[in-house]
Amino acid sequence: MVEIYHAQTLLATYPLPQPGEADHSLVVQGELGESVVLLNQDGVQMVSSACSSQHCVLSGAHHHAGGMIACVPNRILIAVRGRSASGFDAIVE
Amino acid sequence: MLMPRPSLPELEEKIRWIALLVLAIGLHVFEAALPSLGPWFKPGLANLVTLIALVLLGPRAALTLAIGRVVVGSFFIGTLFTPTFVISMAGGLAAAVMMIAAWRYIPGISLVGVSLLGALVHMLAQFVTVESLYIQQGVLYYALPPLLLLSCITGWINGALARYIAARLTHEI
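Chains as they are written, first to last, in my numbering: chain A, 1 to 93; chain B, 94 to 266.
Isolated chain B (complex conformation):
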């Protein structure tokens, strides 16, 4: 019994998903190697790929991509199943879910808006994870507002980049 051959468009979509996944993993590892502004802060370029996957391939692809890149990316950095991994996963998942919900249910929202919401929720989810699992001290939240402000800036930049990249990709493909 031979499996029926998948159709060409189906294959094309799978290949695009894999290409985006590899890109996200690469960016995840690259960001870990960047000299950081602070231990809790990264530009969020890997999440940008989640957003592009959401626009080009849909919610399911975006969610699986977010999970896949955290697992494989952490494997390469050497943080698999450590607290760093748990925090990345919580942030990545929360941001993906938020971006999917915003993209689907807020009519007329731009990619910049979706990216901003994603960045804010990413930061919030990381704090909630740390506070509930590792350091149960409310004092922690005093560090949140300035980091949320930084999230707004990177979220905006990533949104603008995503808009440009998505426009280029949809016109050319």
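Next up, chain A with everything else stripped away, as it sits in the complex:
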């Protein structure tokens, strides 16, 4: 699952596209302006951002749980979270 935050608020939660599923792009309103987020087979990436440093765009696509794109000037955080429902990795008896 991909979670997109602006400052304190969770704006959106999306699953990463599975093989064969279509790309998905969305526009997020941040502190400075719009950030465009793209979800595709490579993972999630920031396509464009209103910030001046563009570190978020240059960091590329992320698809592993724990992966993160943080755009501090625009106060946008994109986090890839694990999708384990139980909260356990494994149960051993």
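Keep in mind the hints are simulated off the structure, nothing from the lab. Warning: the hint list may mix true and false statements.
Per label pair, the in silico range of CB-to-CB distance [what the hints assert, rightly or not]:
#1 B:Phe-169 <-> A:Gln-8: 31 to 37 angstroms
#2 A:Ser-52 <-> B:Pro-99: 18 to 24 angstroms
#3 A:His-64 <-> B:Arg-261: 18 to 24 angstroms
#4 B:Tyr-234 <-> A:Pro-15: 36 to 42 angstroms
#5 B:Gly-171 <-> A:Gly-66: 43 to 49 angstroms
#6 B:Tyr-235 <-> A:Leu-58: 30 to 36 angstroms
#7 A:Val-36 <-> B:Lys-107: 50 to 56 angstroms
#8 A:Leu-58 <-> B:Cys-245: 24 to 30 angstroms
No experiment lies behind these values; they were computed from the predicted model shown. From the three backbone atoms N, C-alpha and C, an ideal C-beta is built for every residue, glycine too.
Once you have looked at the hints, place chain B on chain A.
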């Protein structure tokens, strides 16, 4: 009324402080231009100068140098008063205070130890600043452990460099 002329050693110390400040500003700008491993990560060479100032000139000089180089360095990069500047300042100040405290209150600590503590606190302070001022999400801290590990490596390298440089400078001056 003429100001009394400052003594020669006093002037010498001021000149050394300015030389170190200029060096730190140069390194600050140089680091910003380096291709980075990640947006949140730099080798911390400018902080190395803070450490050398602490050893050669004392705590006051180290603290003023840390503040001065962030302000002037950011001015050159063009990030003055932006979030980048606030984060640099928080990291630089926290690291300077930590290194001063460690140098003064931990008996027998080496420069490598001081530098390690400084690097770790620098990284921590940056995360706390971002979390409290810009992106109030605890998820952010999941990125902290690997970056702390990288900080250890650069902190160690910078400490070893500082030890070498400080030894050279104190023997030659």
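Evaluated hints:
1. B:Phe-169 <-> A:Gln-8: 31 to 37 angstroms: holds (33 angstroms)
2. A:Ser-52 <-> B:Pro-99: 18 to 24 angstroms: violated (43 angstroms)
3. A:His-64 <-> B:Arg-261: 18 to 24 angstroms: violated (44 angstroms)
4. B:Tyr-234 <-> A:Pro-15: 36 to 42 angstroms: 24 angstroms Cβ-Cβ, so the 36 to 42 angstroms window is violated.
5. B:Gly-171 <-> A:Gly-66: 43 to 49 angstroms: 32 angstroms Cβ-Cβ, so the 43 to 49 angstroms window is violated.
6. B:Tyr-235 <-> A:Leu-58: 30 to 36 angstroms: violated (21 angstroms)
7. A:Val-36 <-> B:Lys-107: 50 to 56 angstroms: Hint holds: Cβ distance 51 angstroms, inside 50 to 56 angstroms.
8. A:Leu-58 <-> B:Cys-245: 24 to 30 angstroms: holds (25 angstroms)
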